[in-house]
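Asks: One line per chain: the protein sequences are A and B, in this order.
Note that the numbering used here has the first sequence beginning at 1, numbered continuously upward.
Note that the numbering used here has the second sequence beginning at 1, numbered continuously upward.
Simulated from the structure, these hints should not be mistaken for laboratory data.
Just so we're clear, the structure is a prediction, and the values are computed from it rather than from any experiment.
Don't take every hint at face value.
[As the list claims (entries may be wrong)] Computed from the model, here is a short list of chain B residues facing chain A with C-beta under 7 Å:
no.: 1; residue: A2
no.: 2; residue: L7
no.: 3; residue: L18
no.: 4; residue: D35
no.: 5; residue: W38
no.: 6; residue: M40
no.: 7; residue: R44
no.: 8; residue: G67
no.: 9; residue: R71
no.: 10; residue: K110
no.: 11; residue: N114
Ideal placement from N, C-alpha and C gives every residue a C-beta, glycine not left out.
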Amino acid sequence: MIERLRSYFLVEGSPLSLGIFRVIFGVALVIEATQNLKRVGYYTPSTFHFPYFDWISPLSESTMTTIFTWQLVFAVCFGLGFLTRLSAAGVLLTQGYAFLICALNFRNHVYLELLVTTVLLFSACGAAVSVDAVIGWAWRRWRHKAQDNPMHPEWVPITAQRVIGLQICCVYLYAALHKATPGFLSGYPLSRFLPRAIRNSTVGRWALPPDVLQAAADAMATESWSALAAWLTVGAEGFLAVGLLFRPTRLAAVCVGIALHLGIGLTMDIVTFGLVMTAAYLCFWTPRLRAQGAR
Amino acid sequence: MAKHIKLIAAVGFVAIQLLVPLWPTFVHPSQVRTDFAWDMFATRRDCKPCHLLESVNGKPPQKVGWGRLYRSTFHVARTRNAGRLPKAALEVCRRHAEQGQTAAVFIDCKCTWNGEPEVYNLDAYGKDYCSAEARERFGD
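Can you build the whole structure from these sequences, using the hints too?
Replies: Here you go:
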């Protein structure tokens with residue numbers, strides 16, 4: 001058992017997958033920081049809070065604006081891979097503090113972003129597709145006149161990549177399990193919130209003609225269509241939880257996942273969550289592998 | 001040694017992530033919102049009515065506008081559970097006390113889950129939340 005865990009987690013591979021994921025994840029963090037700046041009031045004493053810990057208190061509007069501005073700076077740096085580890089710590093501290101101020105502000109994608117940032121903080125995600133990698137390459141070239149000087153290392157530990165992949169599967173697993181109830185599968189919950197969400201969806205209105213959007217909203221108001229959507233959702237999420245893990249089913253799972261999140265984005269305006277989840281499929285891309293420390 | 005620590009950290013992280021979302025299984029959804037559970041949109045609650053009622057200086061009870069506590073309807077919706085409503089009621093009491101007013105605050109909130117017929121009363125206390133007994137029971 002230990003040996004199997006060791007051979008799964010303690011491996012080395014290309015830094016490219018995690019590097020590309022970091023860039024896309026950085027975009028999601030920038031979106032989040034920008035939205036926080038628009039919602040500063042949610043984190044100040046002007047509204048009643050349920051802090052996760054008593055020692056966490058809401059701060060003044062100007063302080064929260066400063067915190068979120070720094071979060072934006074850290075998120076941009078992290079996406080670019082500039083001072084990668086420091087900027088990951090900065091994102092974690094600024095968004096983490098805001099997250100703990102009030103349980104009423106809990107949103108799943110923010111929680112997911114915090115978990116993923118924590119993992120990335122201890123990873124080699126800045127080793128490729130990053131300003132840090134370019135600076136390191138230029139430094140080696142200038143200082144050591146290095147001829148054989150690749151832009152990024154060929155092998156890095158990819159434990160973090162494995163953990164993020166499993167984290168994503170865990171999200172899908174519980175999303176499916178919590179929905180696999182008679183109440184949800186009856187279609188009632190979806191029939192109540194989907195029609196309004198579809199009509200108000202900014203992404204949907206931008207991407208689809210109004211009559212198509214209206215027809216979709218009307219269909220989802222009926223429990224037969226919403227029950228079908230509920231069953232499809234649970235089926236897709238359940239399949240993703242398992243399908244992403246195994247090579248033979250991975251491509252199909254990626255297609256299902258992209259379709260699922262595209263649908264959610266179009267109908268419910270939930271973009272950041274889908275962006276992080278689908279980008280994390282890259283963590284299952286391991287073009288080459290070897291045991292850590294092997295030469 | 002470093003490899004052992006890395007392995008323990010990775011396995012521990014995944015194990016925690018597998019365990020944490022189980023917690024709503026042990027708590028009725030009327031008690032608290034199911035944060036950290038990845039149960040996105042799994043439950044639909046319909047609450048009619050759901051508000052706080054206040055009687056200030058002996059006047060007849062009136063609804064407390066949620067805008068007095070919150071700036072977002074999102075926050076109002078997330079307050080609608082049996083764990084958080086008493087805290088909100090206590091906050092209204094505290095604000096009246098600060099202004100030197102005598103107030104009684106009650107909760108009137110009945111909800112259904114996923115369209116099921118059973119109606120849950122989210123006011124398990126059923127009495128004035130400005131009382132010393134309520135402060136002791138629901139205060140921090």
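Asks: Hints first: check each against the structure and report whether it holds.
Replies: Okay, the hints, checked on the actual structure:
no.	hint	verdict
1	A2	10 Å, violated
2	L7	6 Å, holds
3	L18	6 Å, holds
4	D35	4 Å, holds
5	W38	4 Å, holds
6	M40	6 Å, holds
7	R44	3 Å, holds
8	G67	10 Å, violated
9	R71	5 Å, holds
10	K110	17 Å, violated
11	N114	3 Å, holds
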